[in-house]
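Following the hints, put chain B in place on chain A, whose structure we already have.
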Amino acid sequence: MTGPVLSIEGLTLALPPLSDRPHAVENITLKIAPGETLCVVGESGSGKSMIAHSVMGLLPQAVTPAAGQIMLNGRDVLRLDQAGLQDLRGREAGMIFQEPMTSLNPVMRVSDQIVETFAAHNLHSREERKRRALALLTEAGLPDPERLARAYPHELSGGQRQRVMIAMALALEPKLLIADEPTTALDVTTQAQILRLIENLRRRHGTAVLFITHDMGVVAEIADRIAVLEKGVLVEEGLASEVLGAPKHPYTQKLLAAVPSLTPPAPKNLAAAPVVFSVSDLNKTYRKRSLFGPTREVVAADGITFSLRRGETIGIVGESGSGKSTVGRCCMRLIEPEAGSIILGETEISGLGKAALRPHRKRIQMVFQDPFACLNPRQTIGRIITDGPVAYGVPRSEAMVRARELLELVGLSANAIDRYPHEFSGGQRQRVGIARALALEPDVLVADEAVSALDVSVQAQILRLIQDIQQRLGLAILFVTHDLRVAAQICDRIVVMSRGRIVEEGETAAVFANPRHDYTRQLLGAVPGGAAFETASPRA
Amino acid sequence: MNLIMFLLGRVAKGVVVLMAIAILNFLLIHAAPGDPAQVMAGQGGAADEELLQQLRVQYGLDKPFLTQLGIYAGSYLQFDLGFSYRQQQSVLSLIMDRLPATLLLTGSAFVISLLVGTLMGMLAARRQGHWSDGAITTVSLMFYATPLFWIALMSQIIFSLKLGWLPNVGYETIGANLSGFARMLDIGRHLILPAMTLGLFFTAVYVRMMRASMLQVAGSDFVKTARAKGLSEGVILRHHIARNAILPVVTLAGLQAGQLVGGAVLTETVFAWPGIGRLMFDALTQRDYPILLGVFFISSALVIGFNILTELVYRIVDPRIGAQG
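So the protein lines, in turn, are chains A and B. Okay, so the first sequence: first residue is 1 according to the numbering used here, each after it adds one. Okay, so the second sequence: first residue is 541 according to the numbering used here, each after it adds one.
In short, the hints are calculated from the structure, not lab data. These numbers were taken from a predicted model, which means no experiment stands behind them. Please note that the accuracy of each hint is not assured.
[To be verified] Now the stretches of chain A that chain B is said to cover, found in silico as 3 or more residues with beta-carbon under 8 Å:
1) 102-115
2) 156-170
[Said to hold, decoys possible] So these bits of chain A aren't anywhere near chain B, every CB distance computed over 10 Å:
3) Pro17
4) Thr29
5) Gly74
6) Glu230
7) Pro250
8) Ala273
9) Ser278
10) Ala339
11) Asp483
[To be verified] On the chain B side, residues computed to face chain A include the following (Cβ under 7 Å):
12) Thr765
13) Gly770
14) Leu771
15) His780
16) Arg783
The C-beta atom is built at its ideal place from N, Cα and C for all residues, glycine as well.
Okay, chain A solo, but in the shape it has when bound:
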């Protein structure tokens, strides 16, 4: 056998002074053999992306290599000058990134962006470059490559853009593909396709893959070997079967245990509980009119009907564009539905005017997806939580007392009340978001992808918190998510949406055990890792 494609020896990357730790990664030693897939896993802030970037010589300016060596196909990356690095990038290693929506130049045609790669390395004639670009797009499984080559990135879907990125990264047939969370921003079914594509290309061209991810499910799908990173330190490394099957390090065990199982827990008995919220025949179509051109329509909700009992959680699952978020927002009348009735308690809120709706608004509250964007950075936590009650006439001082109780209820310290959102981590902010929603003592909570932006271990904590609060307060929860593992653990019933319609609905256990609709089967089949984590789950 030939030597490794990539060999990292004792790599230490120094962070700028005043960071929360001195090194991004410390004393990392890794090797990747030709054709091998190495997954580097870890939670956010573990330094896994830094390793990927250092191999390409693409570290941010503030991060500097302090010790160690990176040998890529016989070249010492850390000692190359600018010209050497430019020659290495693309030729020895190609890289793809997390955000397909922003990773392509918006004002350049797709084929030009691939052709540019050849041009940068002075390879081939003009015609040959174009021909190769087209061949690459075809190999990446893009439909109608001739037409697509002339398209601009905004005309492509996220999955298609990621395929273009892969085609581009592999243009010069590098020995190594570095993939930095390449499927995190994609839907499950698209994710499954992209993983398959990477796998196929790896087989065909013998490319080694350095795959950075936080998703244990994805790891279980593709890894030959796994390296687990905790706060910049390599805590475990080994064959995929060993690390997943018999993890030695407690951190690896914790990560694996946090992956939600696809087997739902035993259902609650809710038959006697009263219905607190229901919608029937909800319709919403987005229209885009233009003066001369045809009106474009997107049906986001079509005849949506469901009802929610006290203490029950209904999960709305589906891919992006399925209309699940629109339904969640329509329920709160943040978006106005075109038709259908929404009944909250005894009141039909769908017909109420703005002023008449206001007294009812507090009874249905929302927890948002992005814990960073949903809290006003210039207000204290106390202000954020109490603004709602104060708007309903509660004196500020009284609301503050209640806010302290709520902060403790969601597992934060009561003195967090005087601090600002930026002082908290993502998981803590999501707790604040939940406390904010609970401050109005709602009957119904709408959680729109409320745990999607969080690391698995934090995700598990927040899910437990939501279940705990539901039990104590008897909340009805509408849980909008694309993550079937999460849905399996928290939802009593599941509503599967596709293109604005409900295609399947039922008890979670029944839907997961025996999906009737093709689309549901497709979704379940695409869940990365499949049934790999059944025994690991603490809540099964």
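Chain B alone, transformed into the frame defined by chain A:
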């Protein structure tokens, strides 16, 4: 196809807006105090009531207000901008006489500021933190903050009176009877100071905008992608960063282009440049309504025209615009 539809829509909207502007101008000017007949008679030296009345009848100023509006609107629809009582000439021919001088001045200011501003902005962004970045941003801030008329006066004093390098005022050397290339050169020498003065403010704006925009784009994901492909920094700068960073500058250039006709009153006055601005300024002091209305109309038409042109350019430089309608 899409583009033609877009153009038709915009032109149709533009015509409606233009008509509304024309009527609004008329209303505003008649709401202002002052009687043109009195001004005319006053300058003629004899102002008895009989002459005033005669002047009013002659120019239709005695008719009811709505009738006057109707006559005005009717003649505008036939592209007849009216007749100036003061200058005894048709308004259209007066404007057309002056338009080239103004367009030469504002056009060169526009091109200079756009070119110099974008290039300097790119340079400053490229050298962020370097002393040349500091120099460019400081100088541009200075020009951004200094009033136009002051720059005009100072440049006259320094370059013309003290150093004697360039002519002080005017469009060309009077009585020189130059022709062909020599005349062009002469006009060019006269053009330098007013064009610089007029262009400095926008140059400063472009420098600042281009610099900020470049720095913002430089942090984009697709720039990282370009680097990961092994592209050289020069190619990344030209094809990826500058190409995207220019977009907000185009928007702003569209705004400046709208001022090509009406935006040079001050400069033209200080430098005695025989353009539209001067024509308008004189018409204002003389209550010469037809000229004022004509200038307003032509400059509004050009603003609307340049807005459409800007949108068109924007569609070319940013392919995303067309898709969003």
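Results of checking the hints against the structure:
no., hint, verdict
1, 102-115, "holds (count 7)"
2, 156-170, "holds (count 3)"
3, Pro17, "holds (19 Å)"
4, Thr29, "holds (24 Å)"
5, Gly74, "holds (17 Å)"
6, Glu230, "holds (26 Å)"
7, Pro250, "holds (35 Å)"
8, Ala273, "holds (46 Å)"
9, Ser278, "holds (37 Å)"
10, Ala339, "holds (26 Å)"
11, Asp483, "holds (24 Å)"
12, Thr765, "holds (5 Å)"
13, Gly770, "holds (4 Å)"
14, Leu771, "holds (5 Å)"
15, His780, "holds (5 Å)"
16, Arg783, "holds (6 Å)"
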